[in-house]
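Participant: One-letter residues, chain by chain:
4 protein chains.
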Amino acid sequence: MYDPKITAAATEDFVREVVLPLDDRHDGDIEAAGGDRLRIELQAAARQRGIFAPHAPVEFGGGGLSMVDRAAVFEEAGYSLFGPLALNIAAPDEGNMHLLDHVGTSAQREEFLAPLVRGEVRSGFAMTEPSPGAGSDPSALTTVASRVADGWLINGRKRFITGADGASFFIVMARTSGTPGEHGHGATMFLVPATTEGLDVGRHMHTQDKSMVGGHCEMTFTNVLVPDSAILGERDLGFRYAQVRLGPARMTHVMRWLGAARRAHETAVVVASERRAFGDRLVDLGMVQQMIADNEIDLAATRALLLKACVVLDDGGRGSEETSVAKIFAAEALCRIADRAQQMCGGLGVSAELPVSRIARELRPFRIYDGPSEVHRYSIANRAVRRITEAK
Amino acid sequence: MYDPKITAAATEDFVREVVLPLDDRHDGDIEAAGGDRLRIELQAAARQRGIFAPHAPVEFGGGGLSMVDRAAVFEEAGYSLFGPLALNIAAPDEGNMHLLDHVGTSAQREEFLAPLVRGEVRSGFAMTEPSPGAGSDPSALTTVASRVADGWLINGRKRFITGADGASFFIVMARTSGTPGEHGHGATMFLVPATTEGLDVGRHMHTQDKSMVGGHCEMTFTNVLVPDSAILGERDLGFRYAQVRLGPARMTHVMRWLGAARRAHETAVVVASERRAFGDRLVDLGMVQQMIADNEIDLAATRALLLKACVVLDDGGRGSEETSVAKIFAAEALCRIADRAQQMCGGLGVSAELPVSRIARELRPFRIYDGPSEVHRYSIANRAVRRITEAK
Amino acid sequence: MYDPKITAAATEDFVREVVLPLDDRHDGDIEAAGGDRLRIELQAAARQRGIFAPHAPVEFGGGGLSMVDRAAVFEEAGYSLFGPLALNIAAPDEGNMHLLDHVGTSAQREEFLAPLVRGEVRSGFAMTEPSPGAGSDPSALTTVASRVADGWLINGRKRFITGADGASFFIVMARTSGTPGEHGHGATMFLVPATTEGLDVGRHMHTQDKSMVGGHCEMTFTNVLVPDSAILGERDLGFRYAQVRLGPARMTHVMRWLGAARRAHETAVVVASERRAFGDRLVDLGMVQQMIADNEIDLAATRALLLKACVVLDDGGRGSEETSVAKIFAAEALCRIADRAQQMCGGLGVSAELPVSRIARELRPFRIYDGPSEVHRYSIANRAVRRITEAK
Amino acid sequence: MYDPKITAAATEDFVREVVLPLDDRHDGDIEAAGGDRLRIELQAAARQRGIFAPHAPVEFGGGGLSMVDRAAVFEEAGYSLFGPLALNIAAPDEGNMHLLDHVGTSAQREEFLAPLVRGEVRSGFAMTEPSPGAGSDPSALTTVASRVADGWLINGRKRFITGADGASFFIVMARTSGTPGEHGHGATMFLVPATTEGLDVGRHMHTQDKSMVGGHCEMTFTNVLVPDSAILGERDLGFRYAQVRLGPARMTHVMRWLGAARRAHETAVVVASERRAFGDRLVDLGMVQQMIADNEIDLAATRALLLKACVVLDDGGRGSEETSVAKIFAAEALCRIADRAQQMCGGLGVSAELPVSRIARELRPFRIYDGPSEVHRYSIANRAVRRITEAK
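Residue numbers (the working numbering), protein chains in the order written: chain A, 1 to 392; chain B, 1 to 392; chain C, 1 to 392; chain D, 1 to 392.
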């Protein structure tokens with residue numbers, strides 16, 4: 001097991017020395033910077049530094065860090081948009097590792113988890129569908145897995161599947177019972193190799209973020225036949241496992257994006273300390289100080305909520321409430337931070353001369369991915385109403 | 001030493017059974033409800049329940065709770081505007097106890113702290129002055145203590161001195177060296193009995209909050225003679241002690257106001273769950289759900305930042321940064337919560353029919369008292385600029 | 001017809017010389033200042049200055065100003081919380097005059113409008129009911145007017161009826177057909193003298209605003225018998241007339257509150273220009289400048305939206321959209337202005353030493369009265385969806 | 001002179017039929033779409049429709065529309081990111097035309113303005129410099145024009161010069177007296193053909209907006225010799241002329257961006273009306289309705305402030321205050337609109353599948369270009385303080 005402090009410090013050094021220069025040279029565009037080829041190089045370098053896969057199970061060569069302990073490491077990795085990939089802690093692989101570790105059989109762990117932890121392959125998580133399928137409301141799931149003699153036949157369309165282009169396998173969410181709109185059951189997760197007949201990775205949907213290798217793709221499943229052994233966990237419990245995956249996955253998102261937002265903030269403070277207007281350094285002007293202070297407050301509050309949620313998760317809790325709260329707050333706060341950083345940097349802040357514009361670009365989707373803020377607010381409100389009215 | 005959990009639960013019961021009805025009957029106006037007479041009654045009842053002075057030194061009969069442990073207790077007390085007074089944890093006495101405990105000599109602790117903990121007397125903290133004296137910027141302190149043969153002669157004017165009317169003694173901040181505007185030194189704290197000749201408590205300044213016994217008063221010091229033994233701590237170190245007092249005092253403010261804001265929120269949720277518009281319960285309307293969720297998020301973030309600051313303080317840190325961040329965030333977040341609660345309650349939310357209007361009224365000054373948000377932001381920004389530019 | 005510019009200037013002088021001192025002396029509490037007795041004195045003074053009832057029909061002795069022209073006059077009147085009452089342009093009388101002028105028969109205008117314009121009597125508008133009756137959703141109206149041989153028998157309960165205590169007559173909204181929840185029809189307006197048997201003005205509901213003479217009261221109607229001639233306008237068209245009343249009434253609210261918010265802002269700027277912190281005048285500190293600028297922007301945007309809506313109303317339009325937009329924006333912007341003004345004034349800003357705390361107190365309900373912001377947003381969104389989707 | 005209503009309607013048709021498809025195909029990237037070649041084609045098409053250069057002087061073939069009249073036309077043009085270019089009303093040419101028309105001599109108007117109006121050439125406005133030169137604070141101007149026998153020798157560096165690549169001439173701001181930091185005088189504007197020796201257009205600074213032909217470039221001036229006749233207006237009055245240019249230029253920016261923001265909003269409403277979650281259309285969910293309503297309010301307030309400023313400008317006023325207020329409000333409101341539109345569209349809202357992500361990307365710099373919001377707030381606050389304190 002890695003030492004958390006040493007790993008965080010080593011990650012900080014590694015990212016600044018090795019990763020940031022590449023990130024800056026290519027304005028955070030991972031494909032322009034080399035895509036999977038670069039990934040392999042960076043991961044080799046991270047392995048050498050002893051900081052590779054710090055979160056993954058020790059038995060597969062990972063660092064075994066708890067949620068609380070990985071927070072600082074992931075934040076340092078996230079300081080560069082390419083850092084998470086370099087440490088093999090990027091989405092969706094990182095969340096898939098977590099899920100496989102918790103739900104997979106020994107055979108599944110050996111076949112899928114082991115090479116994933118080692119960075120030999122990448123994976124996808126195929127849940128989101130075109131309207132009117134699974135989106136903000138996962139229960140609308142329309143992809144179907146039908147029982148056949150020798151297993152299951154999957155048919156359906158997916159989209160926004162992160163990392164799909166180049167992934168070796170997918171965790172595919174498909175309906176095995178019930179009907180679209182029914183909440184909480186009827187979905188099953190399947191482990192499907194990318195080479196399975198009928199599985200097709202289609203065009204990239206060009207989103208404004210550019211740092212995720214393999215893009216966000218459309219997929220179609222046409223009579224994709226998988227055996228019973230492809231089921232991850234138990235049949236019909238897919239929505240429950242999605243929660244198992246999503247709680248921690250939201251928090252690791254927060255950790256990584258914290259690093260990126262902190263970089264935007266620190267960049268802006270340095271720029272504003274070096275520039276003058278109306279006779280003062282920008283950092284001595286009250287309106288700039290207000291932006292700096294608000295960034296510090298947003299960073300502190302994000303960290304405090306993240307820590308709280310990680311403690312709950314490490315204690316074995318599901319943390320639905322705590323991760324929802326931390327996710328919403330973080331997504332909105334980190335976007336505010338990047339936006340203020342842009343404003344402090346003036347024209348440079350909306351250009352590729354500095355990292356702040358690109359960080360703002362990459363952060364924005366986080367208010368939508370992994371559940372839009374509105375959906376989380378809906379859940380939080382409903383829980384609050386139940387809790388408060390029942391207590392009265 | 002009190003058990004934190006038991007104390008919190010007992011405080012919750014006590015407040016709801018005994019204190020809230022009085023608070024509601026008098027719309028949170030402590031003087032209308034009985035003032036010091038009511039205080040004495042409520043404190044006797046709290047003592048009987050074994051929850052009195054939960055924060056005070058055990059040697060003087062208090063509960064000895066740490067900052068972390070007192071958080072839940074103070075929050076439960078704050079659920080009623082009169083609760084803190086009932087437990088003898090209201091400002092300014094609570095902060096004065098902390099200061100006396102940390103800086104006072106044995107004799108001072110015996111003479112001033114002991115009766116204060118027991119609720120036999122009340123006290124004041126006389127720092128704020130009329131413009132252009134000590135206010136947002138304490139270094140502007142103009143009240144002077146001049147060396148004379150048999151001690152010190154204090155002259156000056158104060159205002160907004162909370163609890164002054166009826167206080168038995170004051171901790172008085174006066175300049176013993178330097179000139180107004182010089183930062184960080186030259187002030188000394190004196191312990192001055194209210195009966196000292198030349199000390200005059202003047203008119204009440206009618207502020208919008210009405211829950212603090214003894215009001216917010218003007219004071220004048222005219223040739224007030226005090227002996228050397230009246231100095232609290234060391235000469236000229238008053239500004240440093242003010243920080244000793246302010247860090248924890250800010251956090252106990254946050255704890256108490258958290259309780260009040262939570263009450264506003266819970267009241268609004270109950271009201272909105274019982275009322276309908278356009279065919280739905282109000283709590284099933286998206287805009288109301290958004291307000292509920294935002295309240296929950298603001299409560300959670302306030303608690304998380306408070307906890308972080310309390311851990312630092314309990315560990316012996318000064319916590320300037322953490323308490324500033326938590327104080328600003330809390331003051332603004334709790335005001336937002338009360339405001340949303342008012343909005344959810346409609347016309348009732350701006351009336352004395354429900355507690356939410358009064359809670360909004362009481363909370364608003366917290367964004368100004370104990371350092372306006374702008375002054376805290378100024379400090380936070382300056383620290384951030386130093387930290388970030390030095391690291392580069 | 002009054003000259004708009006001369007009237008505005010004369011109103012400014014009158015308010016500052018005569019009205020403000022009384023407002024300040026009594027912290028904006030109209031009952032403490034003299035209630036109806038004071039109203040009569042101030043109205044006599046306004047009449048002498050030739051600025052009385054500037055909006056009312058010329059035939060009844062009013063100034064006959066259009067919506068556009070009255071904007072500046074009402075704003076000047078609103079500079080003091082007592083100013084609107086002094087000019088006889090306060091709610092609810094002002095809106096009732098508008099409605100009577102547009103819908104009343106000659107006899108009704110002579111009997112009810114004429115003395116109201118002259119300030120001889122006050123009136124009420126009895127629509128709002130206790131839950132689950134008419135509130136944010138007027139269609140929930142439960143007060144019933146039943147047909148009887150010699151007219152109508154009104155039964156029901158009302159609350160939050162502004163100015164009820166001391167009013168000579170009420171415009172009462174009662175259901176004459178349909179059932180609660182049906183939208184847009186079934187309500188009828190009745191003109192009911194306060195002395196009618198069975199009409200009872202009950203207790204005051206203590207709201208946080210204190211500047212409206214006659215308070216906000218509960219009312220009960222128990223077999224209140226009124227003749228057919230008491231119907232204002234046509235039977236069953238009450239909801240439509242409520243809109244006739246509400247569009248302009250919302251805008252005159254905005255005008256008056258603009259004056260109050262401007263006073264808070266100007267007070268704060270003057271205070272902040274006279275005080276110093278950290279070596280600078282407060283108005284030279286960036287965070288204060290930001291508050292000042294934001295206030296100026298909010299004032300300008302409120303005025304611009306108000307003007308737009310007034311032009312539509314003067315052109316004979318219903319202005320549902322424009323008045324909704326202007327009302328929401330104004331209510332929220334003016335509250336922000338008062339809040340920033342409080343913050344700029346520090347401790348004084350939450351005390352009765354300055355008018356800003358009381359202006360914040362009075363303004364807050366405007367985000368709820370005359371349709372909470374949420375209900376207006378709901379209407380605006382629905383209209384927008386229809387307009388935009390139909391155009392595609 | 002063009003008829004304003006007909007021109008607006010024809011512009012709407014033209015943009016939707018001809019321009020939008022190209023904009024959408026290339027995700028608003030003008031260079032990818034064809035750059036200057038496309039510009040020439042689109043301008044020919046606009047000329048044929050009789051909507052070309054609607055704002056330019058009639059004597060040069062323009063439409064002669066006033067500020068008020070051009071608002072609707074520019075907004076319709078701005079509905080596509082390429083629309084303003086098509087009508088020859090894009091920055092910086094549009095502002096340069098205004099300036100040349102108001103300050104240029106007959107010869108200058110003939111030589112520079114005439115071909116610019118006809119779309120035969122493009123132009124640049126060379127004011128902004130690398131730090132510590134002219135930026136948010138134009139008085140920091142460091143580019144110098146030195147008196148020599150046969151005219152002026154210009155030396156200095158510029159950056160963020162919009163449209164520089166391919167421009168035929170530049171209006172160059174250079175210091176002819178005084179020193180950097182002196183306010184309000186000492187700058188002179190020169191008309192400099194792009195082919196002048198020593199004038200060098202350097203690299204593009206890659207900003208996040210991609211719709212402006214000719215990019216945002218660095219420039220260097222090395223002993224650029226220009227005759228006296230190159231002076232635009234009078235010597236040393238450059239800062240004053242910059243204001244002449246900036247007031248209206250800010251407003252035309254607002255007009256164009258209003259169109260873009262409106263498109264984002266309308267797109268989102270249509271998408272949200274076609275998608276469902278939790279059993280409802282998205283547009284029937286309260287949190288979405290709130291976003292729709294807030295967009296409508298922001299659009300209405302922006303238009304109202306714009307109109308106010310245009311009336312002042314058309315009346316011959318400088319409109320410093322009104323254009324500053326409208327610019328800040330618009331820049332911030334329109335960014336909010338685009339952001340909410342993204343949120344309403346979910347994953348599609350951060351992709352190139354819909355125009356909303358690109359509109360957000362293009363809009364963001366407007367809070368910085370033409371004076372960051374902070375600088376405008378500083379000016380507004382200073383004016384307010386002077387106005388209010390002098391009135392007291």
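Some hints here could point you the wrong way.
Said to hold, decoys possible - Pairs of lysine-lysine, BS3-like flavour, derived with a Cα cap of 25 Å:
#1 K5/B / K5/A
#2 K392/A / K392/B
#3 K392/C / K392/D
#4 K210/A / K5/D
#5 K5/C / K392/D
#6 K210/C / K210/B
To be clear, the hints were calculated from the coordinates, so they are not data collected in a lab.
Keep in mind the model is a prediction, meaning the values are calculated, not measured.
Participant: Now, for every hint given, state plainly whether the structure supports it.
Facilitator: Cross-check of the supplied hints:
1. K5/B / K5/A: violated (33 Å)
2. K392/A / K392/B: violated (54 Å)
3. K392/C / K392/D: violated (54 Å)
4. K210/A / K5/D: This hinted pair is violated, its Cα atoms lying about 43 Å apart.
5. K5/C / K392/D: Within the cut-off at roughly 21 Å; holds.
6. K210/C / K210/B: holds (16 Å)
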